[in-house]
Structure formats: structure tokens, C-alpha cells
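Engineer: Okay, here's what each chain looks like letter by letter:
2 protein chains.
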Amino acid sequence: MNINGKHYRTIWVDPGNEKVIRIIDQRHLPHHFVLEDLRSLSDAITAIKDMHVRGAGLIGATAGYGMYLAALEAPSGDEFDNYLRDAGSSLKAARPTAVNCSWAVDLQLQAMKKGSATHEKISIAKSTADEIADMDAEYCRRIGEHGVKLIEEISRKKADKTVNILTHCNAGWLAFVDHGSATAPIYAAMDKGIKVHVWVDETRPRNQGAALTAWELGQHGVPHTIITDNAGGHLMQKGLVDLVLVGSDRTTHTGDVANKIGTYLKALAAKDNGIPFYVALPSSTIDWEIEDGIKNIPIEERGGEEVKYIEGLCEGFIKKVLLAPDNSPAANYAFDVTPSRLVSGLITERGICRPDKKSILGLFPEKKRRDG
Amino acid sequence: MNINGKHYRTIWVDPGNEKVIRIIDQRHLPHHFVLEDLRSLSDAITAIKDMHVRGAGLIGATAGYGMYLAALEAPSGDEFDNYLRDAGSSLKAARPTAVNCSWAVDLQLQAMKKGSATHEKISIAKSTADEIADMDAEYCRRIGEHGVKLIEEISRKKADKTVNILTHCNAGWLAFVDHGSATAPIYAAMDKGIKVHVWVDETRPRNQGAALTAWELGQHGVPHTIITDNAGGHLMQKGLVDLVLVGSDRTTHTGDVANKIGTYLKALAAKDNGIPFYVALPSSTIDWEIEDGIKNIPIEERGGEEVKYIEGLCEGFIKKVLLAPDNSPAANYAFDVTPSRLVSGLITERGICRPDKKSILGLFPEKKRRDG
Numbered sequence: 001m002n003i004n005g006k007h008y009r010t011i012w013v014d015p016g017n018e019k020v021i022r023i024i025d026q027r028h029l030p031h032h033f034v035l036e037d038l039r040s041l042s043d044a045i046t047a048i049k050d051m052h053v054r055g056a057g058l059i060g061a062t063a064g065y066g067m068y069l070a071a072l073e074a075p076s077g078d079e080f081d082n083y084l085r086d087a088g089s090s091l092k093a094a095r096p097t098a099v100n101c102s103w104a105v106d107l108q109l110q111a112m113k114k115g116s117a118t119h120e121k122i123s124i125a126k127s128t129a130d131e132i133a134d135m136d137a138e139y140c141r142r143i144g145e146h147g148v149k150l151i152e153e154i155s156r157k158k159a160d161k162t163v164n165i166l167t168h169c170n171a172g173w174l175a176f177v178d179h180g181s182a183t184a185p186i187y188a189a190m191d192k193g194i195k196v197h198v199w200v201d202e203t204r205p206r207n208q209g210a211a212l213t214a215w216e217l218g219q220h221g222v223p224h225t226i227i228t229d230n231a232g233g234h235l236m237q238k239g240l241v242d243l244v245l246v247g248s249d250r251t252t253h254t255g256d257v258a259n260k261i262g263t264y265l266k267a268l269a270a271k272d273n274g275i276p277f278y279v280a281l282p283s284s285t286i287d288w289e290i291e292d293g294i295k296n297i298p299i300e301e302r303g304g305e306e307v308k309y310i311e312g313l314c315e316g317f318i319k320k321v322l323l324a325p326d327n328s329p330a331a332n333y334a335f336d337v338t339p340s341r342l343v344s345g346l347i348t349e350r351g352i353c354r355p356d357k358k359s360i361l362g363l364f365p366e367k368k369r370r371d372g
Numbered sequence: 001m002n003i004n005g006k007h008y009r010t011i012w013v014d015p016g017n018e019k020v021i022r023i024i025d026q027r028h029l030p031h032h033f034v035l036e037d038l039r040s041l042s043d044a045i046t047a048i049k050d051m052h053v054r055g056a057g058l059i060g061a062t063a064g065y066g067m068y069l070a071a072l073e074a075p076s077g078d079e080f081d082n083y084l085r086d087a088g089s090s091l092k093a094a095r096p097t098a099v100n101c102s103w104a105v106d107l108q109l110q111a112m113k114k115g116s117a118t119h120e121k122i123s124i125a126k127s128t129a130d131e132i133a134d135m136d137a138e139y140c141r142r143i144g145e146h147g148v149k150l151i152e153e154i155s156r157k158k159a160d161k162t163v164n165i166l167t168h169c170n171a172g173w174l175a176f177v178d179h180g181s182a183t184a185p186i187y188a189a190m191d192k193g194i195k196v197h198v199w200v201d202e203t204r205p206r207n208q209g210a211a212l213t214a215w216e217l218g219q220h221g222v223p224h225t226i227i228t229d230n231a232g233g234h235l236m237q238k239g240l241v242d243l244v245l246v247g248s249d250r251t252t253h254t255g256d257v258a259n260k261i262g263t264y265l266k267a268l269a270a271k272d273n274g275i276p277f278y279v280a281l282p283s284s285t286i287d288w289e290i291e292d293g294i295k296n297i298p299i300e301e302r303g304g305e306e307v308k309y310i311e312g313l314c315e316g317f318i319k320k321v322l323l324a325p326d327n328s329p330a331a332n333y334a335f336d337v338t339p340s341r342l343v344s345g346l347i348t349e350r351g352i353c354r355p356d357k358k359s360i361l362g363l364f365p366e367k368k369r370r371d372g
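As they're listed, the protein sequences go chains H and Y.
Quick note: the first sequence uses the working numbering, first residue 1, plus one each step.
Quick note: the second sequence uses the working numbering, first residue 1, plus one each step.
These aren't lab readings, by the way, just hints derived from the structure by calculation.
Remember, predicted model here, so these are calculated numbers, not experimental data.
What you were told as hints is all true, and nothing was included just to trick you.
Note that the list lumps identical chains together, so a pair holds whenever it fits in one copy or between two copies.
The list that follows gives simulated cross-link-like pairs (lysine-lysine, DSS-like), each with its CA atoms no further than 25 Å apart:
no.	residue 1	residue 2
1	K161	K238
2	K238	K295
3	K295	K271
4	K238	K271
Could you build the full structure based on these sequences and the hints that come with them?
Structural biologist: In C-alpha cells:
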């Protein structure tokens with residue numbers, strides 16, 4: 001998508017030096033636009049762990065390029081494979097909830113088996129990382145194509161009046177390589193001339209909604225309004241929301257959706273007010289193993305200081321301010337799980353389906369196991 | 001309650017000059033403890049409107065003293081009553097959702113009718129304001145007496161293990177004259193030696209939970225943990241919440257509860273997880289007119305800058321930082337309404353009742369109308 005009129009992806013190989021991966025360091029948005037060079041596995045792990053990059057798709061793409069950087073720095077010979085296996089474990093541990101991380105690492109380990117000499121494996125790692133990134137962008141584009149039909153239908157029912165969409169966190173193009181998941185149908189609707197307006201949950205504690213979603217929607221000219229995470233229920237009661245559209249960090253093949261903390265509360269409110277609640281996700285986000293998302297998806301706990309302190313722009317500088325008594329403890333769960341019964345449907349790159357095993361496997365029949 | 005070991009109320013008449021009302025200017029908490037003198041009706045309106053004071057009970061008490069300050073400055077003779085009527089309208093308009101404001105103003109206007117000379121009316125206004133404040137403190141104390149029974153029962157069922165209580169916003173003693181509403185049972189439980197722990201919703205956008213509730217609980221030694229408003233649903237799914245206890249800014253006599261924005265989302269999550277959801281409120285908070293809270297309680301909309309900017313402590317100073325793109329709009333609804341079907345019960349100064357007209361009128365039979 002465009003930034004100041006120039007097209008960007010969120011991650012790419014430096015055209016001048018293909019041993020360098022470039023990313024947008026999203027910690028500085030919306031106030032400053034900063035690019036960062038990743039030159040080592042360690043850089044990639046830090047970028048994922050400290051959230052220079054975030055979002056399911058982009059974490060996957062960064063893990064893919066992280067494995068390529070690991071291959072570049074690995075000792076050749078017998079130790080190469082061990083080094084890459086360890087690199088994969090470290091990348092997987094950087095953000096435990098994001099299934100795309102594991103998915104990209106495993107894809108790389110599998111692909112590199114096809115090479116024998118070190119230089120072959122490096123070359124495979126590079127092309128696999130590129131493929132992961134390209135596939136992410138293409139899948140998001142297709143999610144937009146499928147999801148826009150929901151918005152078109154609501155627009156028709158409302159006689160072309162503005163369709164109000166509520167979203168939580170950033171499942172925008174900044175969370176992927178391009179297009180975004182939850183935002184892809186919105187951008188597609190804009191392109192078709194459908195009137196849309198987006199309620200942007202600020203998404204505490206890291207404010208990805210206020211900082212990132214509002215910024216990228218603004219860059220694309222999408223009408224939007226920032227709200228606190230507390231406000232969505234009231235807006236739904238008052239008929240001011242037509243559709244809830246969120247992304248996912250991991251969705252079980254049974255339809256339970258792990259997404260940014262607070263998503264579950266919006267799903268409850270949507271259900272209580274008869275408002276459709278859709279989750280947009282590329283299939284790389286689907287967990288084909290776990291059956292019960294609430295019981296079995298690990299939920300990352302982050303430091304309490306992310307709740308007690310917040311960063312923002314003050315007199316031209318990014319400042320961190322304390323919001324609470326210094327000696328009060330804080331807890332910081334990063335995700336929650338919305339049970340499938342609260343989800344109207346999943347928007348994938350292959351189409352829209354109901355959030356249950358049968359419908360999901362209907363779209364992805366190659367995932368059917370012999371035992372199932 | 002105590003601050004640094006010294007007993008305070010949130011509002012009182014200056015013992016050295018009874019034409020001056022003193023308040024804690026809560027905008028500076030938790031970082032600095034600042035007292036403010038109110039010397040005019042205009043000071044009182046500003047204190048309410050700009051939230052130097054906030055919370056149902058304290059707004060009522062401040063409106064009571066605001067009417068006393070208005071009486072002190074009113075022209076004597078024929079114009080006195082007009083001045084006080086206008087003063088009442090201005091006070092009522094300062095925070096439209098808080099029913100206690102109207103209640104205190106009307107009580108004052110009624111009481112002053114009993115005086116004839118201006119000095120008599122001033123004297124009545126002073127004693128009525130004192131009575132409103134004393135009554136608020138006493139009612140909260142009784143709410144604690146009744147509400148602690150719920151906590152005792154849970155404690156018994158858990159074999160004296162810690163009772164985890166989630167609260168939203170500040171319905172603590174800082175929101176009243178003393179004791180608080182939602183916190184009164186918690187303080188009473190502490191006094192009885194029951195093990196409690198409070199999950200404190202930070203309560204965006206004004207962060208009354210993180211700034212005020214955490215501060216007052218800390219002062220009293222109540223174990224607590226600050227969480228984002230997004231986290232409550234996840235905690236409930238994981239069995240980490242035994243009881244939700246909130247206050248109210250206005251509750252209809254049919255049991256619909258207007259409280260700080262986001263309360264409705266917590267009520268939905270409590271219902272979904274079979275967790276009791278209780279609302280603690282003095283009867284001054286009950287609206288005896290409105291039947292349908294969701295349709296008919298006016299919801300205050302405040303400026304979007306309260307969402308986009310946040311204040312906190314930075315290097316010893318209170319700084320305001322920008323959280324969002326400067327040119328993105330924000331909306332700021334201050335309250336929402338939780339329908340009675342999601343409320344387990346109301347804790348009032350006369351006891352606990354179900355959130356329906358019959359049960360509420362059972363506790364307050366004097367409110368039964370001839371037509372009802």
C-alpha cells in the first residue's frame with residue numbers, strides 16, 4: 001500500500017544488498033516513519049520479540065527472512081542444519097501465540113532439506129522467504145476480494161448509506177506484507193466506491209489501533225474514528241455498527257479465534273446485538289492440531305510496564321509517561337480466544353466459511369487427515 | 001478513608017472559613033496529592049465539569065455545596081430564588097448522565113423553600129449540603145455491610161482462598177464522600193480478614209481505574225493488579241474472577257445500569273462465564289422515572305482529545321502525549337448502559353435486591369407511585 005504516495009511492503013530484501021532485509025520499524029508509528037535493516041538472525045528475533053514488526057502475516061514473513069539470515073551466518077558443513085534448527089526454535093519462541101512464526105520456520109526447514117551444499121541451502125532459504133512474503137500479500141488480496149461481498153451486501157441493504165465497520169487492533173497491511181486481512185475487504189470496498197466508515201478500537205495496551213490502523217486508513221483516505229476499547233458495546237447497542245471485522249493470530253480448525261486481547265468482548269457484544277462478527281485470515285493462521293482454542297492456545301503474557309507506561313508524542317519527541325501508582329502491579333495478557341459460537345464466519349484466501357471443522361476442511365480439503 | 005495515615009473525606013467545609021469548600025483535585029492523582037478551594041458556584045461547576053471531582057456520590061455532594069456557594073453569592077430579595085434556580089440548571093448541565101447532580105439540586109431547592117429571609121435560606125443550604133455529604137458517607141458504609149456478605153459466601157465456598165474481584169472505573173471512596181460504593185464491600189472484607197484481590201480495569205479514556213482505584217486500594221493495603229479494559233473477558237474464561245463489582249452513575253428503577261463506558265462488555269463476559277455481576281449504589285443513584293435505560297438514559301459525549309491524548313508522569317512532571325495520528329478523529333462516549341438481564345443484583349444502603357422494579361420497590365416502598 002502507499003505511504004506518502006510511494007508503494008511499500010512491510011518487509012523486503014534491500015535491492016542494493018541482498019544480505020540485508022529492510023522493515024518498517026512500527027514502534028515509531030504514527031509519529032515517525034522509520035526504516036530498519038535486519039542483518040542477522042538476532043536482529044530478526046529482536047524485531048519480532050520487541051514488536052518492531054507485529055501481526056500474524058508479517059511475523060511469519062519476518063521469521064521466513066530470519067531463517068534466511070540464519071542460513072547466511074550459519075557455519076557450513078555438518079553444523080549448518082543444527083544451527084538452522086536452533087535458529088528456528090529461537091524464532092518460534094519470540095512470540096509463542098503467533099502460529100505463522102512456526103509455520104514459516106517449518107516451511108524453511110523442510111525446503112532446505114532439498115539442498116545439499118550450503119550455498120544451495122542459502123539460495124533455497126532466500127527464495128522460500130520471498131515466496132512466503134509474496135504468498136502473504138497475494139492471500140490478503142484474495143481475502144479482500146471475498147470479504148468485500150459482505151460489505152457490498154450490507155451497503156445494498158442500507159440503500160448505499162455508509163457501512164460502519166468496527167475493527168480491533170491492527171489487522172491491516174502493516175500486520176502483513178501488503179493489503180492486510182481485516183482491512184483488505186475495506187480497501188477493496190473503497191476501490192469499488194462503497195461508502196464505508198471504520199470504528200478503530202485504540203487497542204490497549206500497545207494501541208495498535210490508534211497508532212497503526214488509524215494511520216494506515218488515513219493514508220488510504222478511509223473515513224475512520226478512533227474509539228476506546230470500552231466503547232464498542234455502546235455503539236452496537238445504538239445501531240452504529242453494521243459489521244465487526246477483525247484479524248486473528250491463530251484460529252483453530254474448529255473455529256476458535258485467538259486475536260488481540262479484548263476481541264472476545266467485542267464478539268460477545270456483536271452476538272448480543274445481532275451484528276455479524278467476521279474474522280479475516282490467511283490459512284497460514286489456521287492451527288490444524290488444536291481442537292479447543294480456549295483450553296489449548298497458549299496466551300502470551302507480557303510485562304506489566306506495557307500497561308502502566310504509555311508512549312506518545314510530546315513537544316516533538318516520543319515520551320513515555322507513567323499512568324498508575326508506581327508501586328501497583330499490572331498484568332498484561334496479549335491475546336484472548338473467541339469461541340467459534342460467537343463467530344459469524346471466517347474470510348480466507350479461498351472464500352468465506354462457517355467457523356467449524358467441516359466448513360473449514362471444506363475449503364482446505366488437503367488438510368483432512370486419514371484418521372479424521 | 002486514610003491518605004498517608006490521615007483521615008480525609010473527598011469534600012468538606014474549610015474549618016477556618018465556612019464560605020470555602022475544600023476538595024481533593026483528583027486530576028493530579030495518583031502522582032500528586034492536591035487540595036483545591038471552591039469559593040463560588042462557578043468554581044463548583046468547573047470542578048464537576050472538568051472532573052476535579054467525579055463519581056456519582058461526590059458529584060451529588062459537590063452539587064449540594066455548589067448550591068450553598070450559589071446561595072452565598074446570590075442577590076438577596078426577589079432575585080434570590082431565580083438565581084438559585086438558574087444555578088441549579090447550570091449544575092445539572094455540568095454532567096448530564098449523573099442523576100445525583102439533579103437529585104442534590106432538587107433537594108436544595110425544595111429545602112430552601114422552608115426559609116424566608118436570605119440568611120435563613122443560606123443557612124438551610126449549608127445544612128442541607130452537609131446532610132447530603134453525611135448521608136452519602138453513611139449509605140456507602142451500609143453498602144459495605146450488605147455487600148461483604150457476598151464476598152464472605154464466595155470465600156467460604158473457596159475454602160478461604162483469595163476471592164478475586166474485578167472492578168471497572170473508580171466507584172471507590174474517591175467517587176463518594178467516604179467508603180465508596182463498589183469498594184465498600186471490599187474494604188469491609190479486608191477489615192474482616194477475608195483474603196481478597198482486586199483486578200482493576202484501567203478504564204480508558206480517563207484511566208480512573210489505574211489512576212484512582214489502584215491508588216486508593218494501595219493506600220488501604222488491598223492486594224490488586226491493574227489490567228487493561230480488554231483483559232477481563234480472558235480472566236473470566238480462565239476462572240480468575242469470582243465476582244464483578246461495579247458502581248453506577250444512574251440505575252433505573254427497572255434495573256438498567258448506566259456506568260462508565262465498557263461496563264456493559266464486562267457484564268456480557270460475566271454472564272457468558274457464569275460469574276456474578278453486582279452493582280453497588282446508594283439509592284440517590286436510582287432514577288425513579290426512566291423505564292428503559294438503554295433507550296432513555298442520556299449518554300454524555302466528551303471531546304475526542306481525551307482519547308487521542310493521555311496524561312502521565314514523565315521525569316517528575318505531568319506530561320500530555322499524543323497517541324494517534326494528529327488528523328484522525330476520535331469519539332468519546334463516557335457511559336454505557338448494562339441491561340438488567342445481565343445484572344445479578346444491586347447492593348444498596350438498605351440491602352441487596354434483584355435488578356427489577358418489584359424487588360427495587362420492595363426495598364424502597366416509599367417510591368411506589370399511586371399510578372403504579
